[in-house]
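Asks: As you go down the protein sequences, you meet chains F and H in turn.
The first sequence begins at 56 in my numbering and counts up by one.
The second sequence begins at 56 in my numbering and counts up by one.
No lab work stands behind these hints, which were simulated from the structure alone.
It is possible that part of the hints are untrue.
The list treats identical chains as interchangeable, and a pair is accepted whether it falls inside one copy or across any two copies.
Distance condition first, Cα-Cα at most 25 Å in a straight line; then the derived PhoX-like pairs of lysine-lysine [unchecked claim]:
no.	residue 1	residue 2
1	Lys74	Lys257
2	Lys288	Lys116
3	Lys288	Lys502
4	Lys502	Lys116
5	Lys74	Lys116
6	Lys257	Lys61
7	Lys410	Lys61
8	Lys410	Lys375
9	Lys83	Lys116
10	Lys288	Lys61
11	Lys61	Lys74
2 protein chains.
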Amino acid sequence: MSLHGKSLIEGTPLPTSTKTFTAFDPRKGVSLEPNFHEANAADADVALNSAQAAFAAFRQKNSGERAIFLETIAAEIMALGDELLERAHQETGLLLDRLTGERGRTVGQLRLFAEVLREGSWCDVRIDTALPERTPLPRPDLRRILVPVGPVIVFGASNFPLAFSVAGGDTASALAAGCPVIVKGHPAHPGTSELVAGAVIKAAQSCGLPPGVFSLLQGSSHEIGTALVRHPKTRAVGFTGSHRGGRALLDAAAARPEPIPVFAEMGSLNPIFILPGALQERGAQIAEGLKNSITMGAGQFCTKPGLTFAIGGTDLEAFKSTIEPAIRSVAPGTMLHPGIRDAYVSSVNAALNTKGVNVLARSHAEADAGLTQGQAVLLDVSSDTFLAQPCLREEIFGPAGILVEARDMADLLQVAESLNGQLTASIHGTEADLDGAQELLYVLERKAGRLIINGFPTGVEVSPAMQHGGPYPATTDSRFTSVGTAAILRWVRPVCYQNFPAAALPPELRNENPLGLMRQINGKLGRESV
Amino acid sequence: MSLHGKSLIEGTPLPTSTKTFTAFDPRKGVSLEPNFHEANAADADVALNSAQAAFAAFRQKNSGERAIFLETIAAEIMALGDELLERAHQETGLLLDRLTGERGRTVGQLRLFAEVLREGSWCDVRIDTALPERTPLPRPDLRRILVPVGPVIVFGASNFPLAFSVAGGDTASALAAGCPVIVKGHPAHPGTSELVAGAVIKAAQSCGLPPGVFSLLQGSSHEIGTALVRHPKTRAVGFTGSHRGGRALLDAAAARPEPIPVFAEMGSLNPIFILPGALQERGAQIAEGLKNSITMGAGQFCTKPGLTFAIGGTDLEAFKSTIEPAIRSVAPGTMLHPGIRDAYVSSVNAALNTKGVNVLARSHAEADAGLTQGQAVLLDVSSDTFLAQPCLREEIFGPAGILVEARDMADLLQVAESLNGQLTASIHGTEADLDGAQELLYVLERKAGRLIINGFPTGVEVSPAMQHGGPYPATTDSRFTSVGTAAILRWVRPVCYQNFPAAALPPELRNENPLGLMRQINGKLGRESV
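This is chain F alone, in the form it adopts within the complex (with noise of 0.2 Å):
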């Protein structure tokens, strides 16, 4: 199969403008084949014109159908075979088995919100029956229910080329829901785009939708980005990335006559508070999972954790010991991209560069720049740094970690306090140093959407429980996730149904409740008919 390097709009491969860009081996530090086409503004109105026009029908597919669709995006993703991998493997540098392992979680979560459409009832239906006798006024039939809210758009990660890009979470949510879907796929990975592109188009052809239920804009430039989010039709769109593009965006869609919804998911510094007894009891083993949390994948995940908190003496001289020497065994990491290997370098040497940081540990090979590598770093500084530092609060997206020692408890909840919002936020404690961290939980709870006990922020599970999205600025909006089940929530607005006859219900909506949900009936909650 051979890239053929343009949008893919309404179903169809479209050669928009004559401006290209290219895709890079970060493994080999070469470009690589073919030119890809920058699409533009026009292009982005075609998209959206034709996604407002498949809504009306895609809406009218019930759950069942929309379940199938998402069910056979992923088996059209696996048909890909080893193509989708290998150019994935090309474009970003990540490994094999890595890839395999993503895509895996890929098709998993397609078919996760096939089960949460099967079993139905997120949509959250609630029943008020009429009260026709009722005085002074008698109270109508009222009928609630989620329902979708029109094109979305979704600009993928450069760090899941799979996961959270072209049919990633958001994309797969937002079908879910019954949004067409317009993706702005992510330059570093133009090839693995098209190819999944590929395999959701097959699969709306097959399941007979409307082309316009997903379409792929390639693109290196912010103005096709700025486009969409600005497009009158587009009604809310979902981005992972930088905290600078996330903000440009939601900046854009609060500036638009009719403001709409951004979730960006923008990154965060995953704080770890190592408590005394902890530090005391396994600082060693701690230290070995810091080590592994903070240089897998090169570093480059949202919850890389990158500050480290705990209370200097003994014991921290200690863990800097153990894992002096495991930071410096680590190899340099390839990168997923020369642009993401400069800025974490320039991070890095920004941070060296403040006054009270110091290095304490660093891989001992050197990094290849050519070869797109990043050396691991841990950096020290005393909370009173930290604290006078804003720098120091600014996400470094590499195989880097800061270790702040503070003097006491109080210095700790001072930090914690002192912090900005958080994906996660992590306590390593005995359970004795838990029964003393209550107000430092509450503080975090304040802080982070997942807090976690005695594990590291790497690792975010695609389940019904899982929050991945905290207070600004590591996401735009705290009330959702992008991971999990409940990302589907992002996509629907409730809307009532006063005084519909039967006919006119949705079968969800129904008295008999043929689909078996769990509603809400004159606020009770159960699975009964009315």
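With chain F's structure known, arrange chain H on it following the hints.
Replies: Positioned in the frame of chain F, the structure of chain H alone reads:
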């Protein structure tokens, strides 16, 4: 009980600035005693700091304790007796019967949220149990629950001095969620606000809550509102009022370093579509209902039907001859405030001065401006005029409606498609009409939060299935409602606890399910223990 005219911050009347304003009796055309002091940015800062301090204690109260607090507020409001109703009557011109009903609604919704808290399942608990043996990676124990976001600012509305004001739906739902509330009182009924705030403060005291859990800031300027929205400790905003006011707050919130959600309900045109069969079969009955819905309470409801669409012909001529005398006989109503009356008169004049707009009917009696009266009026335009004149899409707050004559069903569909977001949309139709109206229903579902068959939009039930919120510009966030039990979802965000020891979990998340909640365990809904 005499009014002190001061803001109530941390449970104490504070003098704030020396700048003052007064309330006004619209039925007599005179100012009312006493002077009310304008709160300023320094007061906002004190209120937010005390709210933030109170949050730590308030969020740790369990659901039962919060329920008692809400019920105690309801009891304290009732204990204010006739004095409250009389002051509200003086300040708004609303009649005592109406205000008695509104007080019932206000205490009713406080008690309804207490019931929601006692039932408890609203907090959407999801538990994924650990899978320690899973390969390649074990699954940790994940438990998710909704937690309060923190201090909330509530802007009271002028047209519901009790139910959408100091202890109205926004305040009740935010306190239910566990958020401290700061109300910016509406300047048209400061005495009513002071009385109700006193009741809330008494309830907080008798429930042993920290005083920062509730404050009332009095003020007539935009500055104090903006200062509250911009304050770094503010976490969310509820507003009911004009589009201009709501959008200004939304923009201020979006421009913060850390943007926060604004839930602004900004009114609506609430279109009504009368289909041909219904027009023929029961035009007279619909005319009577429409007249009542437009003129009830001098048209000062956010669900007042401002636009009515029907197809021209003899049935519509008959309809017009029925509604014309009905509107003519409506006595001019007392409006809430001279400012609102002036805005009403100029909005009607602006519509009248638009090319192609005719007066179909108008109150026979003159309106007395000194007594703040407004005449009922029904305007008449063609669909071409409606499509050509954007000014006809602006809400006229008061007893005015516009009848739009379409040529045929295709024309009706076109005007429906041209509508902005609405709180409600209604269709009057026979069974045969509705069978042919599927496309119209789909269009209107994209436009409105509540769809009504053979009814009128005024009258908003406070119940689980209500949706009071539609696409922009009806509200700033159509994913939420400001009326009904789901309103609590505006003030919470999910948090996931990973690998927490049982002792550190809130009761909602414990294995044994001590509160008997409906929970999702490994994706299955039920009230079982783990």
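Asks: Hints first: check each against the structure and report whether it holds.
Replies: Hint check:
Taking CA atoms no more than 25 Å apart as the test, Lys74 paired with Lys257 passes in neither setting, with 27 Å inside one copy and 69 Å between copies. When the C-alpha separation of Lys288 and Lys116 is checked against a cutoff of 25 Å, the pair qualifies only within one copy, where the shortest distance is 21 Å, while the shortest distance between copies is 44 Å. For a Cα distance limit of 25 Å, the shortest separation of Lys288 from Lys502 across copies, 13 Å, qualifies, whereas the shortest one inside one copy, 34 Å, does not. Taking the shortest alpha-carbon separations for Lys502 and Lys116, only the inter-copy value of 20 Å comes in at or below 25 Å, while the best intra-copy value is 40 Å.
Within a single copy, Lys74 and Lys116 get their C-alpha atoms no closer than 38 Å, and across copies no closer than 60 Å, so neither meets the 25 Å cut-off. Taking identical chains as interchangeable, the C-alpha atoms of Lys257 and Lys61 lie at most 25 Å apart only when both belong to the same chain, with a minimum of 16 Å there against 67 Å between chains. Taking identical chains as interchangeable, the C-alpha atoms of Lys410 and Lys61 are never at most 25 Å apart, the minima being 49 Å within one chain and 50 Å between chains. In this homomeric assembly, Lys410 and Lys375 come within 25 Å of each other (Cα to Cα) only inside a single copy, at 21 Å, whereas the closest approach across copies is 80 Å.
With identical chains, the CA atoms of Lys83 and Lys116 are never at most 25 Å apart, being 46 Å at best within one copy and 59 Å at best between copies. Taking CA atoms no more than 25 Å apart as the test, Lys288 paired with Lys61 passes inside one copy only; the shortest distance there is 23 Å, against 48 Å between copies. Taking CA atoms no more than 25 Å apart as the test, Lys61 paired with Lys74 passes inside one copy only; the shortest distance there is 11 Å, against 65 Å between copies.
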